Amino acid sequence: MTVLVVGAGPAGLAAAHALARVGEPVTLVDKAQRLGGAPILSGYAKLIPSGEWARDAIGGMVRRVQEAALVRVATTTTVSAFEGEPGRFTARLSDGASVPCAAAILCTGFTHFDSINKPEWGFGTYADVVTTTQVEQMISSGQGVRCPSDGRKPERVAILLCVGSRDRQIGREWCSKVCCTVSANLAMEIREELPQCHVYIYYMDIRTFGLNEDLYYWRSQEEFKVKYIKARIAEVTSDGNRLVVKGEDTLVKRPITIPFDLVVHAVGMDPNVDNRALAEVFGVGLQHHGYLARGSAYAGMALSTRPGVFVAGAATGPETIDDSIAQGEAAAIAALGVVRTSAVQAA
Amino acid sequence: MHATSTRKQQYIGDPLSQQPALDRARLEEIFNDIQSDARYDHELNGCLNCGICTATCPAAHYYDFSPREIVQLLWTENLEGIYDAMQEKIWACAQCYTCAARCPFRNSPGSLIMIMREVAIKHGFQSAKDVLRPFSRVMLKLISTGNQLSPDMITADHFADWGPNISKVDAPLKLLRAAIPMPTLNTMKTAWEVNLKTSIELYTIWEMTGVLKQLETIDENLFDVISDIMDERREDYEDWCESQGDNETRRAAPPEETA
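Protein sequences, first through last, are from chains A and B. Our numbering puts the first residue of the first sequence at 5, with every later residue one more than the last. Our numbering puts the first residue of the second sequence at 133, with every later residue one more than the last.
These aren't lab readings, by the way, just hints derived from the structure by calculation. Remember, it's a predicted structure, so these values are computed and weren't measured experimentally. Heads up, some of the hints might be wrong.
Unchecked claim - On the chain A side, residues computed to face chain B include the following (Cβ under 10 Å):
id : residue
1  : R176
2  : Y207
3  : P259
What the hints assert, rightly or not - Okay, derived cross-link-like pairs now, SDA-like style, lysine to any residue, Cα gap no bigger than 25 Å in a straight line:
id : chain 1 : residue 1 : chain 2 : residue 2
4  : B       : K329      : B       : L317
5  : A       : K257      : B       : Y229
6  : A       : K257      : B       : Q227
7  : A       : K234      : B       : F237
8  : A       : K250      : B       : A233
9  : A       : K250      : B       : N181
10 : A       : K181      : B       : N327
11 : A       : K234      : B       : T208
12 : A       : K257      : B       : E220
13 : A       : K250      : B       : D196
14 : A       : K257      : B       : R238
15 : A       : K35       : A       : C151
16 : B       : K254      : B       : T208
17 : A       : K229      : A       : I260
18 : A       : K181      : B       : C179
19 : A       : K234      : B       : F197
20 : A       : K234      : A       : Q138
21 : A       : K231      : B       : P236
22 : A       : K234      : B       : L317
23 : A       : K234      : B       : P236
What the hints assert, rightly or not - Facing chain B, according to a computed beta carbon distance under 7 Å, are these residues of chain A, among others:
id : residue
24 : R170
25 : D171
26 : R172
27 : M208
28 : K229
29 : K231
30 : A235
31 : A238
32 : G251
33 : E252
34 : T254
Don't be surprised by glycine CBs; every beta carbon is placed ideally from N, CA and C.
Only chain B is shown next, with the shape it has when bound in the complex (with noise of 0.2 Å):
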């Protein structure tokens, strides 16, 4: 069941600020979908205002951050402050609920910032792009593989805050994963050996949930990108299944790719 919004004023600004006013029908549209998500009522039961959320935060000690405010601007349904909050401070959360262990009332801080956090996504918040830019080769990677990280995109340019541990790059990291014993490890593209099918049928996952669509309004670019790797796939998947003949082999597994 869906929660039904008790807001009644039809405008909460500042009267004296010169800026113009945010168009309250994107306000309205953004909350609804953040208190329309089926975890919303389930994490938020109300709110005694007592902090701990925020005391016991490990973001809240360094950043200019409180989960209890984020709670508070949801439960009061501030819309220009959940609005203001998506711009930057929801992106300080380290997702580790203890918040949602310690709150007297049951609330989950952490999951409800999860879930604005994949609104600013759905809406394409500047800041959503922001956060989320350094990881576009590990979405490149996760999305057409399903694996995050391999061992072709240790290099050193990538990783400077490795320090001097870094020279260990240069190491042949071929040969290295080849004395591997379990031939699956035996890659460098992928962290293990991804059964084509499987990326395949993980391709249909992303589509179906859509996880494309959130893909593209955060960065089109990228977008493309896997859009043309997957469509190359999905051909070699074809190829393939036409090569095996009949129904029967089709189902058998493809080839293994070769890193």
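Okay, chain A solo, but in the shape it has when bound (with noise of 0.2 Å):
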């Protein structure tokens, strides 16, 4: 009986793999055209921490998958209804299609913050206000970066961290997680394509966690140049020219506008907005800020609320590419371990 996975994100992509590998039958399927998840969907440049192309690095995760036998992939496909007991579930799709599976993980991933929910930062009013997205973008599609207003290279460049993150004004009451080293990583960018460019990074805590300490938050400085300054910046506006950015630089204390030709919202991971309806169709719970619940952090890693049911990635909570696959991995064999119980069970 096959393991049904949702998502064909990097958690999904690692547990259908893992899961293939072991000889077990999965149906992956995904409600976007293309497989890949957020790095392929969004664009993304080079990932943190590997400095791979996220079209080498999850192209490659994604081609694995499609030449696996034993992966039936269904894009543009959700599933409508999910039924039944560990080891005997039906999930019917959005295709009519009904699978009996003995096990499913959601790997349903997040959704970008959308920086309209704080207008004060400008995004949606200037044209030159843009998010950590669209730079990537501006990077992988080999546009190079660029003010969308008239295309000029950028000469001076603020990238804003803890936009939909950290802020209880909006209800977003979490870190993103990677932000800080995504924005240490594209500020790098910046500098190696524009060396002329200066970059900026308003923080409020710098969180470049684990190993990426020296390889990007040090890195960035003493190799790029990039200037930290710890601000929360109050409002982007403009001068009629320039965008004009106001801040208190609060170590060295003193107010601070400064104009800028390009301002970065480095946004946030917020609940997948389509968690209401997943809970509802699979039975599993939410936790408090709308993420999947996990049932248990000790009991195994990948457990959501409903026996048979397993979570992984950045439907949880902000999550890294690396870790999603770790725990899309865990997903598997957790999956793994209800096929098998099942099946003795059967016999």
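Combine the two chains into a complex, taking the hints into account.
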């Protein structure tokens, strides 16, 4: 009997591959037309911490799954109903197909924060206020980092951290985990492409956790001369010519008003906008911010609140690609446990 | 529920300073008054030190004033720093509350400063006296009548900052007021006609909420003047009540004051 994997991002691709490798059939569904999840669909450039291009790294994971005989892929497909018990579930897909499955793994990921919800930071008002995702696309497309308003090369870039993260005013009371490292990485990319460009990062805390400290935080300063200013920006306006950023340099204790050509929002990870529907269909719980709830941290990392249904990756909270892959594999072994147990019971 | 202090250290001072240490008990008392205010826990959740409050603060752009520093002093329970800030800085705030609208932790620095101001008044800080002195005419009018400003207060001497427009003060204000269609506005001593009974009730509110006690601390002379007015008007009211005879008519409104 097959294992149903929902979502074909890093976690789902890793889970599907892991199960196929040990001889288990997998049905991999994704609502998008392409496999790969956020790194592919949003056109990420070089990934942290490997430095590999997303299209190579995640593209390789996609090909591996596409070439696996045991993985049946269904794109542009969602799950509309899910019933049964561990070892004998039935999933009904949006294309009408009915899929008997022993277990399910939800790898449904996150939704990028929509910067329009912080209007004081100018996104949607000024063309040259963009998100980290847009800068990733400028780099990965080969176009290069340019001001959207007139296509000029920016001379001064401000990256604002914690946009849609760590902000009680808009109900985002979590740290999105990767944005500090991603922003340091993008800052280095910008400095590499445009050596004349000054890049400033505005932060509340720098969370380039673990091994990212020297590779990103230190290196971006030592080798790329990226400037870090401890300040949360009050507002982004325009003098009619350039963008104007207003903040307080909290370490030297003075209000600052500085012109910029390009302002980049380091957008956070919201719970997937579909999570309520997913929780309803699969009968699993949500944690208080709206991410898929984990059943237990210690009995097994992939447990949801429903036996036989497992969770992995950013569906459960802000997550890195590396850890999403690890969790996808953890979910695969948990699902394999259900498959084997139910096979023994049936015999 | 009141906040409880988490402070462990006995004294944070400058060990190299030759200045005599501030009286510790007094610092504790001042901080306790701030921290035990019912609003304190609601307006202070912690601090991420991001500076968005100071960045967005209009006063911070013109004065050596930072709402973030005020919040930090309170959160770290820096008693000397709090005491210092109350000497001048807390009076720079314009109470616009933009800080509260922006804080990612949903603190309200403006509200915390309001609490500190009230405590500064309670403890008779010289800064509070200095700040409130120019408002003594307004306080006199407000506490004795419930109106902040009345036509008879608008004199050239007191509104030099109006510039050339001050000449308009010489207009026949009494005549102009009489021309206002609403009879309740045909007054000079108050912005509108204030019922005597209303004023008397107001005095009870001032007394019970501690406003008069604050006034006594901040400006004893003004307190004496206002106390005399209050006594007089209370007597007026009693006289009027007696003139009405039985209890039934005592409930009716007394005559309006004449301008």
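Next pair to validate is A/K257 with B/E220; report whether the Cα-Cα distance is within 25 Å.
holds, 18 Å
Does the nearest C-beta of chain B fall within a distance shorter than 7 Å of the C-beta of A/R172?
holds, 4 Å
Interface hint check: A/K229, Cβ to nearest Cβ on chain B, cutoff 7 Å. Holds or violated?
violated, 23 Å
Measure nothing beyond the straight line between the CA atoms of A/K229 and A/I260; if it is 25 Å or shorter, mark the hint as holding.
Distance of about 20 Å is within 25 Å: holds.
Is the shortest C-beta separation between A/T254 and chain B less than 7 Å?
Nearest chain B Cβ about 4 Å off; hint holds.
Chain B contact restraint for A/Y207 - C-beta distance below 10 Å:
Holds. Min distance 9 Å.
Are the Cα positions of A/K181 and B/N327 separated by 25 Å at most?
Given pair A/K181, B/N327 is violated - Cα atoms ~63 Å apart, limit 25 Å.
Once the shortest beta carbon distance from A/G251 to chain B is found, is it less than 7 Å?
holds, 4 Å
When you check the alpha-carbon spacing of A/K234 and B/P236, does it fall within 25 Å?
holds, 15 Å
Given the hinted pair A/K257 and B/Q227, is their alpha-carbon gap at most 25 Å?
Holds, because 21 Å separates the two Cα atoms, which is no more than 25 Å.
For the restraint on A/A235, tell me whether the closest CB of chain B is nearer than 7 Å.
With a closest approach of 5 Å, the A/A235 hint holds.
Given the hint that A/K257 pairs with B/R238, test it: the Cα-Cα distance must not exceed 25 Å.
holds, 21 Å
When the structure is compared with the earlier hints, violations turn up for hints 10, 15, 22, 28 and 29 and for no others.
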